[in-house]
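Colleague: The residues making up each chain are set out below.
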Amino acid sequence: MSKQDRFKAVPMPKQPPEVRIRNFNEVALGYTEEQAIREAERCLQCREPQCVKGCPVGIDIPAFIKLLREGKFREAIRKIKEKNNLPAICGRVCPQETQCQMNCVLGKKGDPVSIGRLERFLADWEREHGVEIPEKQPSTGKRVAVIGSGPAGLTAAADLARLGHEVVVFEALHEPGGVLMYGIPEFRLPKHIVQAEIDYVKKLGVTIKTNAVIGKLFTIPELLKDEGFDAVFIGTGAGLPRFLRVPGENLCGIYSANEFLIRINLMKGYMFPKWDTPIKIGKKVAVIGGGNVAMDASRCSLRLGAEEVHIVYRRSKAEMPARREEVENAEEEGIKFDFLANPVAFHGDEYGWVRKMECICMKLTEPDESGRRRPVPIEGSNFFMDVDTVVIAIGQTPNPLIQQTTPGLAVSKRGTIIVDENMQTSIEGVYAGGDIVTGAATVISAMGAGKKAAENIHKYLMNKK
Amino acid sequence: MFKIVEKKELAPKIKLVRILAPEIAKKARPGQFVILRVDEKGERFPLTLVDWSPHEGTICLIFQEIGVSTIKLGLLNVGDSVLDLVGPLGRPSEIDRYGTVAVIGGGVGTASVYPIAKALKEAGNRVISIIGARSANLLILEDEMRQISDELFISTDDGTKGYKGFVSDVLNMLIGKGYSFDAVWAVGPTVMMMAVARVTKSYNIKTIVSLNPIMIDGTGMCGTCRVTVGGETKFVCVDGPEFDAHQVDFDELIKRQRMYLEEERKALEKFEKQLSGGNSN
Numbered sequence: 002m003s004k005q006d007r008f009k010a011v012p013m014p015k016q017p018p019e020v021r022i023r024n025f026n027e028v029a030l031g032y033t034e035e036q037a038i039r040e041a042e043r044c045l046q047c048r049e050p051q052c053v054k055g056c057p058v059g060i061d062i063p064a065f066i067k068l069l070r071e072g073k074f075r076e077a078i079r080k081i082k083e084k085n086n087l088p089a090i091c092g093r094v095c096p097q098e099t100q101c102q103m104n105c106v107l108g109k110k111g112d113p114v115s116i117g118r119l120e121r122f123l124a125d126w127e128r129e130h131g132v133e134i135p136e137k138q139p140s141t142g143k144r145v146a147v148i149g150s151g152p153a154g155l156t157a158a159a160d161l162a163r164l165g166h167e168v169v170v171f172e173a174l175h176e177p178g179g180v181l182m183y184g185i186p187e188f189r190l191p192k193h194i195v196q197a198e199i200d201y202v203k204k205l206g207v208t209i210k211t212n213a214v215i216g217k218l219f220t221i222p223e224l225l226k227d228e229g230f231d232a233v234f235i236g237t238g239a240g241l242p243r244f245l246r247v248p249g250e251n252l253c254g255i256y257s258a259n260e261f262l263i264r265i266n267l268m269k270g271y272m273f274p275k276w277d278t279p280i281k282i283g284k285k286v287a288v289i290g291g292g293n294v295a296m297d298a299s300r301c302s303l304r305l306g307a308e309e310v311h312i313v314y315r316r317s318k319a320e321m322p323a324r325r326e327e328v329e330n331a332e333e334e335g336i337k338f339d340f341l342a343n344p345v346a347f348h349g350d351e352y353g354w355v356r357k358m359e360c361i362c363m364k365l366t367e368p369d370e371s372g373r374r375r376p377v378p379i380e381g382s383n384f385f386m387d388v389d390t391v392v393i394a395i396g397q398t399p400n401p402l403i404q405q406t407t408p409g410l411a412v413s414k415r416g417t418i419i420v421d422e423n424m425q426t427s428i429e430g431v432y433a434g435g436d437i438v439t440g441a442a443t444v445i446s447a448m449g450a451g452k453k454a455a456e457n458i459h460k461y462l463m464n465k466k
Numbered sequence: 069m070f071k072i073v074e075k076k077e078l079a080p081k082i083k084l085v086r087i088l089a090p091e092i093a094k095k096a097r098p099g100q101f102v103i104l105r106v107d108e109k110g111e112r113f114p115l116t117l118v119d120w121s122p123h124e125g126t127i128c129l130i131f132q133e134i135g136v137s138t139i140k141l142g143l144l145n146v147g148d149s150v151l152d153l154v155g156p157l158g159r160p161s162e163i164d165r166y167g168t169v170a171v172i173g174g175g176v177g178t179a180s181v182y183p184i185a186k187a188l189k190e191a192g193n194r195v196i197s198i199i200g201a202r203s204a205n206l207l208i209l210e211d212e213m214r215q216i217s218d219e220l221f222i223s224t225d226d227g228t229k230g231y232k233g234f235v236s237d238v239l240n241m242l243i244g245k246g247y248s249f250d251a252v253w254a255v256g257p258t259v260m261m262m263a264v265a266r267v268t269k270s271y272n273i274k275t276i277v278s279l280n281p282i283m284i285d286g287t288g289m290c291g292t293c294r295v296t297v298g299g300e301t302k303f304v305c306v307d308g309p310e311f312d313a314h315q316v317d318f319d320e321l322i323k324r325q326r327m328y329l330e331e332e333r334k335a336l337e338k339f340e341k342q343l344s345g346g347n348s349n
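Sequence lines, in order, name chains A and B.
Position one of the first sequence corresponds to residue 2 (our numbering), numbered consecutively onward.
Position one of the second sequence corresponds to residue 69 (our numbering), numbered consecutively onward.
No lab work stands behind these hints: they were computed from the structure.
Be aware that one or more of the hints could be misleading.
Residues on chain B that point at chain A, a partial pick, calculated with CB under 7 Å [as the list claims (entries may be wrong)]: (1) Arg-105; (2) Ile-134; (3) Val-136; (4) Asp-148; (5) Ser-149; (6) Asp-152; (7) Pro-156; (8) Arg-159; (9) Cys-290; (10) Lys-323; (11) Glu-331.
The calculated lysine to aspartate or glutamate pairs, modelled on EDC-like cross-linking and capped at a C-alpha distance of 20 Å, are [unchecked claim]: (12) B:Lys-302 - A:Glu-250; (13) B:Lys-94 - A:Glu-223; (14) A:Lys-275 - B:Glu-337; (15) B:Lys-186 - B:Asp-218.
From the structure, some residues in chain B lie toward chain A, with a derived Cβ separation under 10 Å [as the list claims (entries may be wrong)]: (16) Val-106; (17) Lys-109; (18) Glu-111; (19) Gly-147; (20) Leu-157; (21) Ile-216; (22) Leu-220; (23) Ile-284; (24) Thr-287; (25) Thr-292; (26) Thr-296; (27) Lys-338; (28) Glu-340.
For each residue, glycine too, the CB sits at the ideal point set by N, CA and C.
Based on the sequences and whatever the hints tell you, model everything.
Modeller: What follows is the structure in C-alpha cells.
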C-alpha cells in the first residue's frame with residue numbers, strides 16, 4: 002500500500018444525484034468486501050486507541066477493524082455487538098466525524114479511517130449471511146417495562162434481555178423504532194434495515210407492545226403496582242415539534258418536520274395513492290432550520306417532485322448543526338441554502354394556503370451559550386419569498402405525557418426528566434435516558450444512555466430484595 | 069389485531085362496530101377518542117369513543133363512511149379485525165354538576181355527545197338534548213339519547229322529522245322560550261358547532277365543542293391537528309379534543325380540514341374502482 006493510500010479514505014459508492022433525487026432508495030450504497038478490507042487496512046491499530054474514547058457505547062474499534070481486514074467478518078461483527086445491538090443503524094446515522102473518527106490519528110494528516118462505513122459493512126454482511134443470536138444469561142425472574150422503542154429504548158431493552166430480565170417495550174405508534182422509523186427517511190436509513198435490527202432485539206426475548214401510549218393506557222405507577230414490573234425505563238424521546246410562533250404559521254401547506262416526515266416515512270405518503278396517507282408538495286418549498294432533520298425534509302421534498310427547495314437558516318453555514326455529509330448530499334442534489342434569514346410571518350390566499358413567506362435578515366454577534374455566534378435581526382431588512390410549502394424543522398421538545406401522569410417525577414424547566422448519575426429519576430426503580438433527558442440529540446447518544454441505564458437497572462434489580 | 073364482535077348499520081352509510089379492546093375499555097372516559105388503522109396501507113384516523121364495557125372488554129365506535137378509511141372499516145364484518153387501535157386519547161370531558169345542560173349532536177356527532185350526555189346525567193345535571201340530521205333516515209341514537217335526557221328535541225334540515233332547520237335554531241328557540249342553560253356541549257360538523265357557538269355567545273353561555281381536525285399520531289407529535297384557541301396554537305389530540313367554543317378559530321379549522329380534499333377524492337375514486345372489480349394496483 003502506498004503512502005498516499007494511507008491518508009485517503011476509500012470512497013463510498015453512492016447513487017448519482019440526478020438519479021437519486023427521483024427515488025427514495027438508499028443514497029450510499031455501502032462498501033464491497035474488497036473496498037472494506039482496503040479501508041480497514043489503513044487503520045494504524047494504535048496501542049492507545051483514541052477512537053474508542055469517542056464512541057458513546059465504547060465499541061472496541063481497533064479490534065473489530067483488525068478482524069475485518071483479516072477477512073474474519075463473523076468475528077468482527079461479534080466484536081461490535083458486544084457493545085452495540087444496532088450496528089446497521091449506527092453505521093449509517095451516527096455522526097462519526099464528531100465522535101470516533103474525530104479522534105482518529107490519521108485524521109490529523111488526511112482522512113480518518115471510515116469507522117462508520119466499516120461498521121455498516123459488517124452489519125450488512127451479517128444480515129445477508131445470517132444473524133447470530135448471542136447467549137443470554139439465565140432468567141432473573143425480574144420484569145422491566147421500557148417506554149418507547151427508539152434508539153434508547155431498544156438498546157436498554159436488548160441489554161436487559163441479554164442479562165436475563167423479562168422486558169416489555171411499550172410503543173405509542175403502530176410500528177416500533179421511534180425516530181428511526183418515523184423520522185429518518187428511507188434514503189438515509191432503509192426501513193427494512195431498522196426492521197431487521199428490531200427483529201434481532203425481539204429474538205433476544207424482548208416483547209414489543211405497539212399501540213400502547215403510556216400515560217393513557219397505563220401510567221408508570223400502574224406498571225409498577227398493577228402490571229408487575231420491577232423497574233421502568235423511560236425513553237420517550239423529544240417528540241414534540243417546535244414552531245416559530247409567528248403569524249400565519251397555521252396556514253395550509255405549512256408542516257412541522259415531524260408531520261412531514263411521519264407522513265412520508267411512517268405512513269409511506271410517497272407511495273400515495275397505493276398507500277392511503279397523502280402528502281402534498283408544492284413547486285417551491287422552504288425548509289426552516291439547519292439540522293439533520295432540515296436536510297432530510299428538504300431532500301424528501303425534491304424526491305416528491307418539488308421544483309425548487311430552499312433551506313432557510315438563521316445563522317451561517319458554519320453554525321449548521323447538520324452532519325457535513327448530509328449537507329454535502331443536499332448540495333449535490335440541488336438544495337439551495339439561504340443563510341442569515343429568519344421567517345417573521347407567513348401570508349396566505351383566500352383558501353388559507355401559504356403563498357408568501359416574510360423573512361428578516363440576520364447578523365451574527367457574540368457567541369451564545371451553545372458557543373455559536375448569536376443571530377440577531379437586522380431591522381428593516383424584511384423580504385418576501387414566494388412559497389407554497391413550508392416545513393418547520395427548528396427542533397423538538399420532550400413529550401409531556403409521562404411527566405403529566407407520573408406524580409413525584411422530577412422534571413426540568415425545559416420539560417426534560419431529571420436523572421442522577423445512575424440514570425435513575427426521582428422515583429426509585431424508574432430510570433430515563435435519551436432525548437427525554439438531554440433534549441433533542443443524536444441516535445447514538447440515546448443508545449449510550451440506554452446502555453448505561455440498562456447497567457444500572459440491572460444492578461438495582463439484583464440488589465433489590 | 070383488534071377483533072370486531074358486533075356490527076350494525078344505524079342509518080345509510082352510518083355504522084356501529086363493537087371492538088374487543090379490553091385495556092382501552094378499562095381506561096376510557098367520556099370525550100376521549102381512539103385512533104385506528106384498518107390495514108397495513110391504511111391511514112391513521114380518529115374516532116370518538118361512544119361506549120365501552122370494562123366488563124366485556126369492548127369499545128363501541130360509530131362512523132360515517134365518507135372516505136377510503138371509513139369505507140374500509142365499514143367493509144369489515146364480525147370476526148374481522150382492525151390492524152391497529154390506540155387509545156384512549158385526548159383529555160376526558162370535564163363532567164361536573166353544572167345544573168341544566170344542553171347537549172347537542174349534529175349528524176354522526178350525536179354518537180360523540182352520547183357518552184358525555186350520559187355522564188352529565190349521572191352527575192346530576194338536567195340534560196336537555198337536541199339531535200339533528202340532514203333527514204329523518206340519517207338520525208341516529210334517538211332512543212339512547214331519549215333514555216338519558218330529561219327532554220329531547222329533534223331537528224332535520226329538510227323537516228322530515230322534528231323541527232325543520234338546524235340544531236342551533238332549536239337551541240335558539242329554546243332559549244327564546246325561557247330555557248336557561250348553565251352549559252352547552254355541542255359535537256358535530258364544524259359549521260354546526262360554529263353556529264351553536266354563535267347562538268350561545270350572545271347569551272354568554274359556557275359552550276364546549278369537540279373538534280375533529282386531520283390527525284395522525286394522536287400523541288402530540290405531528291402538529292397536524294393544531295388549531296388556534298384564544299389566540300394560541302393548541303393540539304387537539306393532547307390539549308383537546310374539547311375546547312371553549314367561543315375561543316376557537318373555526319375558519320382556520322375548516323380550511324385546515326379541507327387541506328387534502330383533492331387527494332381524498334382521488335383516493336376514493338381509485339378505491340371505488342378497485343371495489344367494483346378493477347385493477348387492485
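Colleague: State for each hint whether it applies.
Modeller: Outcome of the hint check:
1. The restraint placing Arg-105 (chain B) at the interface with chain A holds, with a minimum CB-CB distance near 6 Å, inside the 7 Å limit.
2. With its C-beta approaching chain A no nearer than about 14 Å, Ile-134 (chain B) sits outside the 7 Å limit, and its interface hint is violated.
3. At its closest, the beta carbon of Val-136 (chain B) sits 5 Å from a beta carbon of chain A; the interface hint therefore holds under the 7 Å criterion.
4. The interface hint given for Asp-148 (chain B) is violated, since its Cβ lies 17 Å from the closest Cβ of chain A, which is over the 7 Å cut-off.
5. At a threshold of 7 Å, the smallest CB-CB gap from Ser-149 (chain B) to chain A is about 13 Å, leaving the interface hint violated.
6. Annotation: interface hint on Asp-152 (chain B) holds; nearest CB of chain A at approximately 4 Å, less than 7 Å.
7. Among the interface hints, the one on Pro-156 (chain B) holds; its C-beta lies about 6 Å from the nearest C-beta in chain A, closer than the 7 Å criterion.
8. Below 7 Å, beta-carbon pairs count as interface contacts, and Arg-159 (chain B) has none with chain A, the closest being about 10 Å; its hint is therefore violated.
9. For the restraint placing Cys-290 (chain B) at the interface with chain A, the shortest Cβ-Cβ distance is roughly 4 Å, inside the 7 Å limit, so the hint holds.
10. The interface hint given for Lys-323 (chain B) is met, as the beta carbon of that residue sits about 3 Å from the closest beta carbon of chain A, less than 7 Å.
11. Interface restraint check: Glu-331 (chain B) against chain A, minimum CB-CB distance 4 Å, threshold 7 Å, status holds.
12. Of the supplied pair hints, the one linking Lys-302 (chain B) and Glu-250 (chain A) holds, its CA atoms being roughly 12 Å apart against a limit of 20 Å.
13. About 13 Å separates the Cα atoms of Lys-94 (chain B) and Glu-223 (chain A), which keeps this hinted pair within 20 Å; it holds.
14. Our distance criterion of 20 Å between C-alpha atoms is met by Lys-275 (chain A) and Glu-337 (chain B), whose separation comes to about 12 Å.
15. For the proposed pair Lys-186 (chain B) and Asp-218 (chain B), the alpha carbon gap of about 11 Å is at most 20 Å, so the pair holds.
16. The beta carbon of Val-106 (chain B) is positioned within 10 Å of a beta carbon in chain A (closest approach about 9 Å), and the interface hint is therefore held.
17. Hint status for Lys-109 (chain B) relative to chain A: holds, with the closest Cβ pair at about 4 Å, below 10 Å.
18. The interface hint given for Glu-111 (chain B) is met, as the beta carbon of that residue sits about 4 Å from the closest beta carbon of chain A, less than 10 Å.
19. The beta carbon of Gly-147 (chain B) is not positioned within 10 Å of any beta carbon in chain A (closest approach about 20 Å), and the interface hint is therefore violated.
20. With its C-beta approaching chain A no nearer than about 6 Å, Leu-157 (chain B) sits inside the 10 Å limit, and its interface hint holds.
21. The interface hint given for Ile-216 (chain B) is broken, as the beta carbon of that residue sits about 26 Å from the closest beta carbon of chain A, more than 10 Å.
22. The criterion of a C-beta within 10 Å of any C-beta in chain A is not met by Leu-220 (chain B), whose closest approach is roughly 33 Å, and the hint is violated.
23. At its closest, the beta carbon of Ile-284 (chain B) sits 6 Å from a beta carbon of chain A; the interface hint therefore holds under the 10 Å criterion.
24. For Thr-287 (chain B), the interface hint holds, since its Cβ comes within 10 Å of a Cβ in chain A; the closest pair sits about 5 Å apart.
25. Look at Thr-292 (chain B): its Cβ gets to within about 5 Å of chain A, closer than 10 Å, so that hint holds up.
26. For the restraint placing Thr-296 (chain B) at the interface with chain A, the shortest Cβ-Cβ distance is roughly 6 Å, inside the 10 Å limit, so the hint holds.
27. Against a cut-off of 10 Å between C-beta atoms, the interface hint on Lys-338 (chain B) holds, since the closest Cβ of chain A lies about 5 Å away.
28. With a cut of 10 Å, the hint placing Glu-340 (chain B) at the interface with chain A is violated, because the nearest CB-to-CB distance is about 12 Å.
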